[in-house]
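Fit chain G to the given chain B structure using the hints.
Number of protein chains: 2
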Amino acid sequence: MRIALAQYNYHIGNFEYNTRKIISGIHEAKAQQADLVVFAELSVCGYPSGDFLEFKDYIDKCYRAIDEIALHCNGIAAIVGAPHRNSNTKGKPLYNAAFFLENGKVKQIYRKGLLPNYDIFDEYRYFEPATEFDIVTCQGKRIALTICEDLWNLNDNPLYTQNPMDHLAEKGADFMVNIAASPFAWDHGGERKTMLSQNASRYKMPLFYVNQVGAQTELIFDGGSMAINANGAITHEMESFSENMLIVETDEMDRKTGIKPSPEADHDKKIENIYNALVSGVRDYFGKLGFSKAILGLSGGIDSAVTMVIAADALGAENVLGVLMPGQFSSDHSIKDAEDLAKALGCPYYTIPITDTTTIFEKNLKPFFKELPFGIAEENIQARSRAVYLMALSNKFGYVLLNTSNKSEAAVGYGTLYGDMCGGMSVLGDVYKTDVFTMARYINRNREIIPVNTIIKPPSAELRPDQKDSDSLPEYDILDEVLFQYIEKRQDPNELIQMGFEKKLIDRILKLVNTCEYKRHQTPPILRVSSKAFGMGRKMPIVAKYLG
Amino acid sequence: MRIALAQYNYHIGNFEYNTRKIISGIHEAKAQQADLVVFAELSVCGYPSGDFLEFKDYIDKCYRAIDEIALHCNGIAAIVGAPHRNSNTKGKPLYNAAFFLENGKVKQIYRKGLLPNYDIFDEYRYFEPATEFDIVTCQGKRIALTICEDLWNLNDNPLYTQNPMDHLAEKGADFMVNIAASPFAWDHGGERKTMLSQNASRYKMPLFYVNQVGAQTELIFDGGSMAINANGAITHEMESFSENMLIVETDEMDRKTGIKPSPEADHDKKIENIYNALVSGVRDYFGKLGFSKAILGLSGGIDSAVTMVIAADALGAENVLGVLMPGQFSSDHSIKDAEDLAKALGCPYYTIPITDTTTIFEKNLKPFFKELPFGIAEENIQARSRAVYLMALSNKFGYVLLNTSNKSEAAVGYGTLYGDMCGGMSVLGDVYKTDVFTMARYINRNREIIPVNTIIKPPSAELRPDQKDSDSLPEYDILDEVLFQYIEKRQDPNELIQMGFEKKLIDRILKLVNTCEYKRHQTPPILRVSSKAFGMGRKMPIVAKYLG
Chain B
46 MRIALAQYNY
56 HIGNFEYNTR
66 KIISGIHEAK
76 AQQADLVVFA
86 ELSVCGYPSG
96 DFLEFKDYID
106 KCYRAIDEIA
116 LHCNGIAAIV
126 GAPHRNSNTK
136 GKPLYNAAFF
146 LENGKVKQIY
156 RKGLLPNYDI
166 FDEYRYFEPA
176 TEFDIVTCQG
186 KRIALTICED
196 LWNLNDNPLY
206 TQNPMDHLAE
216 KGADFMVNIA
226 ASPFAWDHGG
236 ERKTMLSQNA
246 SRYKMPLFYV
256 NQVGAQTELI
266 FDGGSMAINA
276 NGAITHEMES
286 FSENMLIVET
296 DEMDRKTGIK
306 PSPEADHDKK
316 IENIYNALVS
326 GVRDYFGKLG
336 FSKAILGLSG
346 GIDSAVTMVI
356 AADALGAENV
366 LGVLMPGQFS
376 SDHSIKDAED
386 LAKALGCPYY
396 TIPITDTTTI
406 FEKNLKPFFK
416 ELPFGIAEEN
426 IQARSRAVYL
436 MALSNKFGYV
446 LLNTSNKSEA
456 AVGYGTLYGD
466 MCGGMSVLGD
476 VYKTDVFTMA
486 RYINRNREII
496 PVNTIIKPPS
506 AELRPDQKDS
516 DSLPEYDILD
526 EVLFQYIEKR
536 QDPNELIQMG
546 FEKKLIDRIL
556 KLVNTCEYKR
566 HQTPPILRVS
576 SKAFGMGRKM
586 PIVAKYLG
Chain G
46 MRIALAQYNY
56 HIGNFEYNTR
66 KIISGIHEAK
76 AQQADLVVFA
86 ELSVCGYPSG
96 DFLEFKDYID
106 KCYRAIDEIA
116 LHCNGIAAIV
126 GAPHRNSNTK
136 GKPLYNAAFF
146 LENGKVKQIY
156 RKGLLPNYDI
166 FDEYRYFEPA
176 TEFDIVTCQG
186 KRIALTICED
196 LWNLNDNPLY
206 TQNPMDHLAE
216 KGADFMVNIA
226 ASPFAWDHGG
236 ERKTMLSQNA
246 SRYKMPLFYV
256 NQVGAQTELI
266 FDGGSMAINA
276 NGAITHEMES
286 FSENMLIVET
296 DEMDRKTGIK
306 PSPEADHDKK
316 IENIYNALVS
326 GVRDYFGKLG
336 FSKAILGLSG
346 GIDSAVTMVI
356 AADALGAENV
366 LGVLMPGQFS
376 SDHSIKDAED
386 LAKALGCPYY
396 TIPITDTTTI
406 FEKNLKPFFK
416 ELPFGIAEEN
426 IQARSRAVYL
436 MALSNKFGYV
446 LLNTSNKSEA
456 AVGYGTLYGD
466 MCGGMSVLGD
476 VYKTDVFTMA
486 RYINRNREII
496 PVNTIIKPPS
506 AELRPDQKDS
516 DSLPEYDILD
526 EVLFQYIEKR
536 QDPNELIQMG
546 FEKKLIDRIL
556 KLVNTCEYKR
566 HQTPPILRVS
576 SKAFGMGRKM
586 PIVAKYLG
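If you read the protein sequences in the order shown, they are chains B and G. Residue numbering for the first sequence follows our numbering, beginning at 46 and increasing consecutively. Residue numbering for the second sequence follows our numbering, beginning at 46 and increasing consecutively.
Same shape as in the complex, but just chain B (with noise of 0.2 Å):
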């Protein structure tokens, strides 16, 4: 039997598009002699569709590509996911659902029994989950067909108190298929293929992964849709962040070798899947959303510097508009670094000096400040003035706003609200500071993009005299590790003491995180590259009083 593994990026909500793109899939996957064609989870609707899969239209429009999609299956056999109504008179009103199609028909409906509900998914917010689980037959193959999750209660995941895959291989399969919207996080990639290869040598079958691909706001899907052998060694893997169908003759996986995989096999690559992640999210952002040009603020510093890198990979240099915005405490070599920059990717770039606005602002408001010595309020005079004029730009010629800040800054709340904290979308919002350097001298690696200035430099906000970073936060290397302890690990103070923290640095740091969440709350969204993101996988409570 010939499976295609259609590994393709969905938009959310549109339905025309994702019908379309199915359809012209399933023509393709015929043209190739396959006997099936596997497309990912929820691939009708997008995933994750959030609140409008309360509306009832969105969910007959469903329904109404499911049947037009099925018209397309003869000759050839087809799995597509997509919501199921629950037509039982309990529980949640849907089911996150497989259709298997053959012969213009919809001819079995398998349902997902391990939902999700944590860190950034929420799908017991709208779905049943099934218990009752069977084998869908295809060419007198049976197939064992599950969705992402249900695959993740090997070694007893306490989450869950039932175990799908066991119903079905107790009743007996040829092969497993998994259909999954599995997104990125740097070290997710091992752990998945891991899991995967357990699941195939457990129950002793060969089994296929389809993925989605692509990004929607914040969650990038990689892909990496497999075929892995019954001795669970991966015979074929598809390309990362790309669309793609591959073929696989499943009655040739006996004879396939592969490899093993290891949950740390992606440790390395680590930098550059970040980098690849964020191409894509970015492009995505913008691709889905109908725009084509990105603005930002070039200060000379490593986090603008990286970012224009990334958007210029994703959207073409000459779409990507820099603009330089010196101010009072600007230092030269920013200036000449920003442009160098610019110059070496073939961005545009604008300068617009901003010291006769700070002036307008303070001399408005000297009245009322009198004499009160330069704070605060002033570096964020500057920090804002210049947001007014990248959204002017932005409002007047179509250009979506970048914002810079990094996974660190963003922690910590060293950033300026309405300021440098602006932005249609976040690139390195979930990228710690010593990370964003690692990824300049990747980006280098082959010539000099980035000025190397930029990258030795001590990092500074330049919003007065002789500032360093270092001035209000602990160096970088110590603060980045407390935090993805803290934040990715959820290591409380008590544990991160025991790891050799001090006590009064853990204070210091976990008071700034807990006590920044308003600012947080209204930054853009962030890309997530890692298991736990600012943004829709973390709940804090604003008005809270913990360790603050």
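In short, the hints are calculated from the structure, not lab data. Treat the hints with caution; some may be incorrect.
One copy or any two copies: either way a pair holds, since identical chains are not told apart in the list.
To be verified - DSS-like cross-link-like pairs, simulated, lysine-lysine; straight-line CA separation at most 27 Å:
no.	residue 1	residue 2
1	584	137
2	513	556
3	590	66
4	411	441
Same frame as chain B, but now just chain G:
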């Protein structure tokens, strides 16, 4: 038996504060000869605690608080809400529990069975639903103790397959106690009373209900704790939005007559209740964050006027600073109306004209804008210049900026991001424009506080000559009705057309709502007063293309 209902205001994560408050309530109840004192759901840690529940230290602190509180339960018993660890190897790591404390110890732990996971609720993210339910015995009385949602499976609520009260009623009980964290919505009070009344009638026993009071960022808990007799009539009801303790003799409940509620009971007090909720919301946001002074832009329009009245009521007029920032297109009457309002309330106000500021921005942008006509970019420069002044004063003097956008504007994106959409909190973001007008008249019921001219003039942003809201938007009475049906009632386009709205109008409005998701992503937290507010209870993907 004498029961004390303790309707208190807790602070998320502030264990010291909550513990002290609960202990003091125990002593007060004991002084009043109560046998049992009842506190609200998750009173020890506050509700909702969000992802803090994932930290070991946070739960340890809950346990220590319970132990400390228990020590004070001598000669009196107490029911206190707190998380409880799940000691099974399967399921989410916590239960949402009620601790029954007696003789200085934890005597029994009741675990919540029905976990809400819709709108603002996400209890499945943290908690495992219980499936076994036991009677609590106190001084020979058998108590059917439940937690909030546990009582919401009368009338075959399709969400749940079990009904804790059926189990408890089978075991035999003398009365029911329900502890809750049930947030305010203007049309929810009547529903809640009706549902509680139906429980009392169905199980033929008195019901004692204790709800939290006070606001936690977006959520406002109204209290409204009550006692209901076995006929389902409300015999005692506590004042909403205020902390208090009520003593009820259980043995007298049979002889007490009361009032049977109806679901629409509170509808005629809609605006009054919303007003009180918002005052409580503002007061607690400031109080819990440790701020005392607010700042807001005063335009002479109705939204900033109503916001200022609410803030003055919550914080004291002397703590609310209005800033008039007339620009090129501000009318004389707007300035006078704003001044009249500040004077009528006794609030301080500053005046900062912005024309020289916007002139500088336009001059510096001229090389790029060239001869392009005046448009959105120039309008937004005015709104954003004002935001810079407001935030500068906020940063310098410790004011929190209040956002003055209403729900109609927030819905259709009629506002400037980083301009008038700024603020630490949005006071009216869940109040439609038509309700803002009604509230202004409610505020003026005894004397003219808001200038009549502010109420009767046509709404205008005054960002270009002779601008009116109605140039860009449908009339507010029609707009608000469509928005209410689409947002609160989740009516899809077909259903709206069936209700009699024109297709063209529906298409126009829904497109505005759906394409402005990116703006709402960055708005301040909005005080929730309806059944569906923008904010934590409404999850919409930004890049989606559906009805837009």
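Legend entry - Those earlier numbered hints the structure runs against, lowest number first: The structure breaks none of the hints.
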